[in-house]
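Visitor: Here is how the chains run, residue by residue.
Protein chains: 2
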Amino acid sequence: MNIISSSQNDKVKYLNKLYRSRNRRKEGVFILEGKRLIEAALAGGADFRQVFLTPAFFKSAENDNLLADLKLKAEFIYIEEDLLKETASTVNPQGILAVVNESVFKGNDFYQQAEKILLLDRIQDPGNMGTMIRTAVAAGFDGIIALKGSVDIFNQKVIRATMGGIFSIAIRQKLSQENFLAEIKSEAAEYELLAADIQAEEYHFEHQYQDNLILMIGNEANGLDQQLLESATSKIKIPLAGEIESLNAAVAASVISFEILSQQLKNKLN
Amino acid sequence: MNIISSSQNDKVKYLNKLYRSRNRRKEGVFILEGKRLIEAALAGGADFRQVFLTPAFFKSAENDNLLADLKLKAEFIYIEEDLLKETASTVNPQGILAVVNESVFKGNDFYQQAEKILLLDRIQDPGNMGTMIRTAVAAGFDGIIALKGSVDIFNQKVIRATMGGIFSIAIRQKLSQENFLAEIKSEAAEYELLAADIQAEEYHFEHQYQDNLILMIGNEANGLDQQLLESATSKIKIPLAGEIESLNAAVAASVISFEILSQQLKNKLN
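Going down the list, the sequences are from chains A and B.
For the first sequence, full-length UniProt numbering begins at 1 and goes up steadily by one.
For the second sequence, full-length UniProt numbering begins at 1 and goes up steadily by one.
To be clear, the hints were calculated from the coordinates, so they are not data collected in a lab.
Some hints here could point you the wrong way.
A pair counts as met if it fits within one copy or between any two copies, since identical chains are not told apart.
Here are the simulated lysine-lysine pairs, DSSO-like style, with alpha carbons at most 30 angstroms apart [as the list claims (entries may be wrong)]:
#	residue 1	residue 2
1	35	237
2	174	148
3	237	11
4	237	268
5	13	268
6	237	266
7	85	17
8	11	85
9	235	266
10	266	73
11	268	235
12	268	35
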């Protein structure tokens, strides 16, 4: 076992480079730190490149199953614990991190994969973004579109907040609003385009949702862009009973997503 | 106008002391920074003690209405901008902060005020806690119980995340689980005690909710305490359609709270 101990090693230098988002984008990869995230990525069929791990992690019997599966998919690079800690962005990377290829769908393949899509318009907060992806997966959505101006989905904080959900949903990001609207007009014309709007006449629980839909959720402070709002084929409102002007974006997305799932299940149960 | 410029001034020294949570608890107060929060607190009927403001904030015509209302309720203390910034915890307190009395209900008065209660069991994240309070208010809940071991509700981050909601709901915190269960057995026996439980047989959208209820939400990592779970009079589950083991605590609370509100509104509309 060849164990890297120098930060001047080429593989460590490459890894260090990947901690700048510009370099990750250029390479089309993202980084996962810690056992739990890597297990979730493996379960979700992620496309691994390299795994950096400490000798202690490799030798621990409780990691045998994970490592046997990973070994089939990625190059193993052994690295001293101190050097791994120095490189990683989390305080304690728990002895392992992985470089994974971005699985981002380009163009119309995406729409063939996804019936229920959550569209995120300039969402800024990584925790919010991650929670929305986690919730969308839980509610049976199968696609995420993050429009240009949203936080990078492959940001560590976003990935952690998805609790592994990011690996079981089709992702499309950095799409401009213009291109999205053009696509929707042509190939994807069979989607219901849903907007939550305080001015809507129909409550979210009154609406009959179509099977193929795109739920649009807007920026935390400013809501949905006016043009997206005008493009919506359906507008719904969530009732506000108390002295509150609006809901958190992730909360609004959750309430509507689970209303959609509940309707589907009710129809099945009846 | 007497403008304080020295950090050795007694009033500034007192304010500085209040930035330690131990001292806030002893005094029974909390601090609000910035115009928007103070407006929300005023609208919610908060009990103000002192207002620290800069001469510039006082002189700005757009603050006239707020200041006229505040003047009736609190002592005004003028302070130089640099000194205010040095003292405040937010980077930019926007020229004003206020010391406000905690409006915490003690004992059974609380139950007389609150029909729909959200109970928070050892919630750790201030953002989660604040979002849950904001959402509870929006969904028409009128009481919050935060059991011992939860983050302090009067923490600045919690207050900010409530978006003013904290001032329009009855609050009870630092209650031990034992005391809560004892109270519920006696005076508050008419409440439905609801727990979200993955093992439940009934989906959240199938359940018929009572008018008086306590929705119990558990710690982000470990869920609801076993004894609380066993005390529940109703257990419901939120369906999980995708490859996700659980929902974020604030999301689970939102989905159930708005199902309860939707049922009420449906009954009214029919």
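Visitor: So which of those numbered hints doesn't the model satisfy?
Guide: When the structure is compared with the hints, numbers 3, 5, 10, 12 turn out to be violated.
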